[in-house]
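J.: Listed below, chain by chain, are the residues.
Protein chains: 2
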Amino acid sequence: MREKKIPVGTISRLFAYLREVKALSGLNIRTVSSSTIGERLNLSDAQVRKDLGFFGSFGTSGAGYNANELKKALESILRKNQDWNMCVVGAGRLGSALMIYPGFAKDRLNIVAAFDINARKIGKTIAGISIEPIENMADTVVSKKISIAIITTPAGQAQFVSDMLVKSGIHCIMNFAPVKLNVPEDVKVEDVDLSRALETLTFFA
Amino acid sequence: MREKKIPVGTISRLFAYLREVKALSGLNIRTVSSSTIGERLNLSDAQVRKDLGFFGSFGTSGAGYNANELKKALESILRKNQDWNMCVVGAGRLGSALMIYPGFAKDRLNIVAAFDINARKIGKTIAGISIEPIENMADTVVSKKISIAIITTPAGQAQFVSDMLVKSGIHCIMNFAPVKLNVPEDVKVEDVDLSRALETLTFFA
DNA sequence: CTCTATTCGTGAAAAAAAGCACAGAATTTG
DNA sequence: CAAATTCTGTGCTTTTTTTCACGAATAGAG
Chain A
1 MREKKIPVGT ISRLFAYLRE VKALSGLNIR TVSSSTIGER LNLSDAQVRK
51 DLGFFGSFGT SGAGYNANEL KKALESILRK NQDWNMCVVG AGRLGSALMI
101 YPGFAKDRLN IVAAFDINAR KIGKTIAGIS IEPIENMADT VVSKKISIAI
151 ITTPAGQAQF VSDMLVKSGI HCIMNFAPVK LNVPEDVKVE DVDLSRALET
201 LTFFA
Chain B
1 MREKKIPVGT ISRLFAYLRE VKALSGLNIR TVSSSTIGER LNLSDAQVRK
51 DLGFFGSFGT SGAGYNANEL KKALESILRK NQDWNMCVVG AGRLGSALMI
101 YPGFAKDRLN IVAAFDINAR KIGKTIAGIS IEPIENMADT VVSKKISIAI
151 ITTPAGQAQF VSDMLVKSGI HCIMNFAPVK LNVPEDVKVE DVDLSRALET
201 LTFFA
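Chains A and B supply the protein sequences, listed in that same order.
Position 96 (the first sequence) corresponds to 96 in this note's numbering; numbering is contiguous.
Position 120 (the second sequence) corresponds to 120 in this note's numbering; numbering is contiguous.
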């Protein structure tokens, strides 16, 4: 069952399922069904069951899923029992905002370092984090056990910064710069192109 | 040719093609080929041609596409000859950052208003925009010709705010709150769930 | 304890998206 | 100016993702 290739969207949805199950669990709901979860996320019940099916059988026919058990199962599948340390590269408007953004903590995503090229920004402290020169990157990534990097530099610097991150041992990059990064196969990049997303929205208006 | 249903991804990619064509055009490159564009975006040349093919034939065999003509064609298809006015709802960390963010302007995406529930924030000015109470929404959306709304409120308020926006006549919403919004069919929502995107990244690490 | 109403798990079918491959058209080269 | 090369546009194929639909299992009512 583990050997089938898992659709890209499945993993992302599993995180959403976990969030919903937690919410329902918090409302003292003991049992959830695939359709309950589906309704809350605008997905079909079949989709929910199929996604879960990639990893095993967690429910009981006729009853649904025990909220607590499903929560535990998802946390285990998704390795949600550990913290992830992240760094921001490019402490401009967006980078600073992400450093201050309070929404990551509850998902155990912690920004623990920030880098910038601009000498004037070095040493400044945002959200308790002192901005370091990018020359520190390799050392800091190791010493602070950073596994995710968020690139918020201008487009022109993104590839250079990406190369440095890869050399420093980073395998997960979230890229806000509107350029396609060139990275080795074993490095995962998630592009977040806000302008493009907004523009796409306008098309369907 | 127009009648085939256009894949969701196609539109988003077309905006990327336009960006690349502009960049190449800026380098005084007269002619671009589907493979040139594809390489720059990590897409196959076939994909580029197929996407363009939904809207017509813009190239010449053997030569490729005239950069300037393709640019014009894409701008026309994507209605990039107009400005889009946007508002931010929720002037917290993220909302403020987006207001200040300089990356939208070059795509003619302008944030022209901001709303918040928190009385203490009303009247404050960020990036030249005075934060208004949400009661003003319906009026301001009309008077400032706003067609896109960006929701950066906490999850708990997102649905309420979304309802207000819809009532005010908004048809495009970019939603940063990690909840699925319930909206009428003719309202398009683009979810940007940063935590989920980061988490998904961790899975493949 | 039996009957009914649910709900799961999962192959099989359908739909959507991406990639292939090649005829034909245009350009460049020698 | 003919031959070689380049590159588009597109029908067809393949792959990927989603939906369907139904047997089997279970809970709960009576």
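Check each hint, because a few of them may be wrong.
One copy or any two copies: either way a pair holds, since identical chains are not told apart in the list.
Below, in silico cross-link-like pairs of lysine to any residue (SDA-like), each with a Cα-Cα straight-line distance of 25 Å or less [stated by the list, open to error]:
| no. | residue 1 | residue 2 |
| --- | --- | --- |
| 1 | K145 | L24 |
| 2 | K5 | L43 |
| 3 | K180 | S12 |
| 4 | K144 | G62 |
| 5 | K5 | A127 |
| 6 | K22 | P154 |
| 7 | K124 | H171 |
| 8 | K124 | G92 |
| 9 | K50 | S195 |
| 10 | K145 | L194 |
| 11 | K50 | I117 |
| 12 | K121 | T140 |
| 13 | K22 | K180 |
| 14 | K72 | F204 |
| 15 | K106 | R93 |
| 16 | K188 | P178 |
| 17 | K124 | I100 |
| 18 | K22 | G103 |
| 19 | K144 | F204 |
Simulated from the structure, these hints should not be mistaken for laboratory data.
Being a predicted model, the structure only gives us computed values, none of them experimental.
J.: Between the shortest in-copy and the shortest cross-copy C-alpha distance, which are at most 25 Å for K72 and F204: within, between, both, or neither?
T.: between (39 Å within a copy, 20 Å between copies)
J.: Using 25 Å as the alpha-carbon threshold, which applies to K5 and A127: within, between, both, or neither?
T.: neither (40 Å within a copy, 47 Å between copies)
J.: Treating 25 Å as the Cα threshold, decide for K124 and G92: within, between, both or neither.
T.: both (12 Å within a copy, 22 Å between copies)
J.: Under a CA distance limit of 25 Å, which applies to K124 and H171: within one copy, between copies, both, or neither?
T.: neither (27 Å within a copy, 41 Å between copies)
J.: Taking 25 Å as the upper bound on the Cα-Cα distance, should K180 and S12 be classified as within, between, both, or neither?
T.: Classified as both; 21 Å inside a copy, 14 Å across copies.
J.: Could you figure out if K144 and G62 sit no more than 25 Å apart (CA to CA) within one copy, between two copies, both or neither?
T.: neither (48 Å within a copy, 54 Å between copies)
J.: As a check of your reading, is K121 near T140 (CA-CA no more than 25 Å) within one copy, between copies, both or neither?
T.: Answer is within: at 17 Å inside a copy they meet the 25 Å cutoff, but 37 Å across does not.
J.: At 25 Å max between alpha carbons, let me know whether K124 reaches I100 within a copy, between copies, both or neither.
T.: both (14 Å within a copy, 19 Å between copies)
J.: At 25 Å max between alpha carbons, let me know whether K22 reaches P154 within a copy, between copies, both or neither.
T.: Answer is between; shortest inter-copy Cα gap is 17 Å, intra-copy 37 Å.
J.: Regarding K22 and K180, is the shortest C-alpha distance of 25 Å or less found within a copy, between copies, in both, or in neither?
T.: The answer is between: 15 Å across copies meets 25 Å, while 35 Å in one copy does not.
J.: At most 25 Å between C-alpha atoms: does K5 with L43 qualify within a copy, between copies, both, or neither?
T.: both (21 Å within a copy, 21 Å between copies)
J.: How would you label the pair K188, P178 (within, between, both, or neither) given a Cα cut-off of 25 Å?
T.: This pair counts as both: shortest intra-copy Cα distance 16 Å, inter-copy 23 Å.
Violation of the numbered hints given earlier is confined to hints 1, 4, 5, 7 and 11; the remaining hints are satisfied by the structure.
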